[in-house]
Structures are given as C-alpha cells and as structure tokens.
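2 protein chains.
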Amino acid sequence: MADDSAAGPSGFACPLPLRDYPHVVMGHGGGGVLSRDLIDHVFLPAFSNPLLDRLGDSTVVDIASDMPRGCRLALSTDSYVVRPLFFPGGSIGDLAINGTVNDLAMSGARPLYITAGFVIEEGLPLGDLAEVARRMGAAAARAGVRIVTGDTKVVERGHGDGVYVNTAGVGVVPAGITIGAEVIRDGDVVLASGTFGDHGMAIMSVREGLEFEAAITSDTAPLHGLVAAMLAVCPTIRALRDPTRGGVATSLVEIATASGMGIELDESSIPVRPVVAAACEILGLDPLQVANEGKLLAIVPADEADRVLAAMRAHDHGGEAVAIGRAVARHSGMVVMRTAIGGTRVIPMPLGEQLPRIC
Amino acid sequence: MADDSAAGPSGFACPLPLRDYPHVVMGHGGGGVLSRDLIDHVFLPAFSNPLLDRLGDSTVVDIASDMPRGCRLALSTDSYVVRPLFFPGGSIGDLAINGTVNDLAMSGARPLYITAGFVIEEGLPLGDLAEVARRMGAAAARAGVRIVTGDTKVVERGHGDGVYVNTAGVGVVPAGITIGAEVIRDGDVVLASGTFGDHGMAIMSVREGLEFEAAITSDTAPLHGLVAAMLAVCPTIRALRDPTRGGVATSLVEIATASGMGIELDESSIPVRPVVAAACEILGLDPLQVANEGKLLAIVPADEADRVLAAMRAHDHGGEAVAIGRAVARHSGMVVMRTAIGGTRVIPMPLGEQLPRIC
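Protein sequences appear in the order of chains U and R.
So for the first sequence, our numbering puts the first residue at 1; every next one is plus one.
So for the second sequence, our numbering puts the first residue at 1; every next one is plus one.
With the rest of the complex left out, here is chain U (with noise of 0.2 Å):
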C-alpha cells in the first residue's frame, strides 16, 4: 500500500482534484460518489429536513394526523424552465416552489409535502445551482411545506439551459370543500386578489435590457394562506385560478368553458400598474395574457362577495384585491369585457406562446 497513498478510502487515486470541479460535470448526474458530493454540499444544506435526509429512493410519510375523517389529497406538478434564472423579485427556485404550493391551493388544499427534479446543463457553475438550491429551501421554508424526496440528473452542454426544476406537491384538501368551476351561477362575482402582469412582464423587462422609472419586480408568493383566509369566511367560493402561463384570459376562458357559463369583465376595475402597462404598451403585449406568479382569481357566490373580498384585503397577498366582473348565464364559454367607453370586446384564449419561457 506504500505507493498508494493518494488513493481514497474507495480506491479512488488521481492526481488532480477531480471533486473540486467549480462547474457541473455530467458525472454529477451518475449516481456515484459525485451525486453523493452535489447532495450532500448543494442540496441537503439547502432543504435538510429529517424526511429528506434519510435518502431512500422513496420517501414515506406518516399523514394520518394531517388527514382528519373527509379530507382528501391533492396533487399537482410543475416544471420550470423560466429564463433567466435570477429575476427581479424572484428565481426559478422560487417558482418551482410557490408554482407548485399555488396550484395546490387552487383545490383549497394545505399543501404539505414537496418532491424536487432537476435536470442540470453540463458546466452550470456549481454556485449557480446552489443559489437555486438555496432559494428553494427559503420559499419552501416560508410556505411552511417540506422537500420530502428529489433526483438530479446531468445532461451535455447544448442539451439544457442552466437547469430545469420539476417539483411536484402533495396537500391536504378539509372535508366539505369542493372546488370546482361546474358549480358556478348566474350573477356570482369575480374577484382578483391584486394587480396583473407583474411577474411576465419583470421578466420581460430583464430580457430585453428595458428600464422604467420604477422597477418592475414579480409578484412570486404563496397562496395557500390567503385561500385559507377565504375559505374560512366563505367555504362555498365556486373556483380558484391562479393565472400564470396564458395570464388572465386564459384562467378565465378555461373557466367560462369548464362552467358553460359567460364572464362578463369591467374593464375599469381590471388591476394594473401603471409601469407594467406602460411596459405592455411598448412591447405590444395584452396584460391579460401576461404571466402572473403570486395572484389569483376566485369566483364567489354574489352575496358573499364583500365578505371574501374584505378577508383577501386583511390579508398581506390580497392588500390589492377588487371585483372585475361577474358570471352570466349569456354567451356561455365565452368571456366580455366591458370596455371603459360602453363598447364590448370579446377576450380569446391566446394562441400559443406570447412570452415563452415565462415560468
């Protein structure tokens, strides 16, 4: 053994820090000792919770006390291909997790359990992930959820974009919630929990190098708080959105579509700041198409509306929160929107991709 002092407890023996690589080498993604190394330095100091930390293939949870007599599970995924990966206001770590805790909450769940997929660009510097690593833990923390199980894989320069983040979410949904757009009503009121377009056009405004006299951040937060704060004063809210990728128009046609029922929108109530639409103007973009991260739209039965409105404003996501439109039994699918000047104009669904890479 005297010639082979440079030799690991494993048999490993080069003459270069092979380990030390500042960037992500595809052996990171091989599931040996170089996995090991990205989980143990990026991954566990950022997430470590004790479910985690026993890194089996599989994680097993006990949810019996998170599950009383009627409650029923929620589940959602997500992936994130957001560009680029640091944002004014947020990152792709912040995403994945709220995305994910959002879409949950969209079914009036408590989501409770996080799994975490990443698909890792060859020669991404390992500081970057780390960022990303680190970002998801504190949103995660901040949500009040855990990252419970994960995967990483590596593949070759040219085959990625720094990193893809999947997360899938796991919630709990309480007996006698039901939500669902089919129970909508002629006359119910639809709310918005703050302004539009915040998080589609921050990144837009990165991409293309533009600069306003207020800066424009995105709105990326966690609503399954304030949903709890609605469902409690109202347990019958009929349908929760989050309009993210399709913005507004899209949440709503699905919507009017899923329901039978018509939207009918006022276009003076609708919430937008100003230097997001000045923003849109100057790209030719529709704020209703654009991409929102930490707003949803709730349908509500008419008499109870001031009501969810007034919780949604006592509560730090919703400070913002007003009625834009109402439900009606006229032109069913289809959402209207009453213009400022009398006139209507009908609201599409976009087509395809407006602003790709948005989340």
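Just so you know, the hints here were simulated from the structure itself, not pulled from any lab data.
There may be inaccurate statements among the hints.
Unchecked claim - Computed footprint of chain U on chain R; a stretch qualifies when at least three of its residues, placed anywhere within it, have a C-beta under 8 Å from a C-beta of chain U:
hint: 1; stretch: 50–61
hint: 2; stretch: 72–84
hint: 3; stretch: 115–127
hint: 4; stretch: 167–177
Positions of the beta carbon are idealized from the N, C-alpha and C atoms, including for glycine.
Given the structure of chain U, go ahead and fit chain R onto it with the hints provided.
Frame of chain U; chain R shown alone:
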C-alpha cells in the same frame, strides 16, 4: 360576420393551418390554445382517466378507502433524460412509469398515482411525443397506476434533447411494513431478482452500434407486484433497492454505509447474461456498475431467505432470483467480492458517470 368565415369561435383567423404543425413549436408551451391541442390530442388519449380528465391545476383524490388505519404515504420523483428515446425493450415512457413505480415499491408501497411533467424541445416530431405518451399510458395501465395530473413546457431548439420526462409518484405503505437499511443484521442474506446490466447494455449497444448473437433488451418492468409477493411471505424484509443508475455497486455501497454493516458477495453467484457480460467486456464496463430498470436487491433474515427466494421465483419478474451474498459485521460500510479463485476485492461506489443518460 359575412367576411369572417375563417374565424374560429375564439376569434382566431389565419389563412394557414397554423395548428397543424407536425413538430412541436414554442407555442405548444404557452398555456393557450396550442397547449390545449397538445393535451387533447397527445396526452389525454394516452393517459385518459376520470381524475386526469378534469384538467385542473391540481387533482384531488379521495385516498381514504386506500388508507386503512396505520398505513403511510410513500412519495418519490425521478427525471428521465435517457437517449435514444426508444431502445430495445423499452422507451423513456416505460422508464418514466416503471422507474417511479419501483422507487415507491422499494419502500414496500403500493403505487397509486403518478404526476407527469414534460420539457419538450422545439422541433420534436409530434408523432414521437405521441408515441412516448402512448407507451407511458400503456406502462401505467400495466402497473395499475393512474397519471392524475401533468404539465408541459417547451424550450427552444438546442436547449433540450427531444423530451425530458419527470414523474412523481404517490403510494400507500401497509401498516406494519418498515423497510430500511438500519435494521440489517449480521448474517442476513442478499438476494437478487435476476440478471444484472441488461438495461444499461441495451442502451449502449444501440448507441455504439454493437451487434451481438443475441439481442440485448432493457429489463424495464414494474416491481411492486414482486415486492408484494415477497412481503406476503416475509413482512420483515430488511432492505430493498432497485439498482438503477450506478448499478448494483452503488446500491450495495449505499446499503452498507447506511447500515454500518459490511456486505460480502460471491462472484460465482452474480447473475449476468453471457451476451451482457461480453458487451461489458468489449466496452470495458463492470456489470455491477451498469444500470438495471427491472431488478431489485433484497436483504432478508437468513432463516427467511429460502421462502422469499421461492416467492420471487414464482413471480414473473423474479424467475431467475438468486442469493448473491450476505451482510457481515466485519469491514463495516464496505462491499467485498469473494472471487471465483478464492481472493477478495473491494467493490467501490463508482465515482461518476460510466454511462451518461442511461435513464
């Protein structure tokens, strides 16, 4: 409206059949009409079930009847980046279902629900995507799991590689089952459900253009039925692993490390098909480091080993099951091979990537 005959119900009018692209375009990831086309024409026909068909941001499942008193949830996730997308014996779609089903099964869980996230490269032929989806749907049906929610993103050409698939899985672990390396004891027996290296060498033989007398095909298969049969005769199975990326070497070193025990293997009992052994020889690979996608390793109490082996051999996916070694109190944390000629050598955990993008 007389001049408007080319306009669809959402006001879309175009002289070209934009929506009939034979390849994925960026707009398919935009969350609008094109995204919906993809869901309606590619994913729903392949995955259709009443839970998925609701198409909400999240899916609510009534799991109460599947969760008798004392049972727990198992959660798992994996991203799949294998190339080529289709290979002898399987496809990325089969791996995406079976791999996640197997991760759940290694906790002793009965897999129930799968979430699916797709990151698609612009330009992928829609026919290829549809075939991936079709195979995922078929694999899910075979495994008895339901794909209950999903997500699709599109990235620009040169920032992906056809399609990357993430799945997360939810399963139920029956009351009284606790599988974990920490309960391994001196003298426990290591069982293998079949031959090693088939999946990895099937992929490599395609990539390298190698031809052998016998075809090498992937062993991709769902293993939860085999695990259930094993648990039925031995509820005290100590540890289960599916030796995927990093192979048997990685799985056993992880078990040895987690248990604080040593593991001794008998080289003469290691099951490798002659054609796989030959392919490994040509490419300079160790079959113990090559990925499997339909095999498991089990550590069981010595006095139960014969009974478990018999149960494995009676099952479709365990016909070639054998005992390959034992847990020992000496050389804690290490895996040692007793060679056919009476020597011993240490089996190290692979450093990095022997076979990139094998799953």
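Results of checking the hints against the structure:
no.: 1; hint: 50–61; verdict: holds (count 7)
no.: 2; hint: 72–84; verdict: holds (count 10)
no.: 3; hint: 115–127; verdict: holds (count 5)
no.: 4; hint: 167–177; verdict: holds (count 5)
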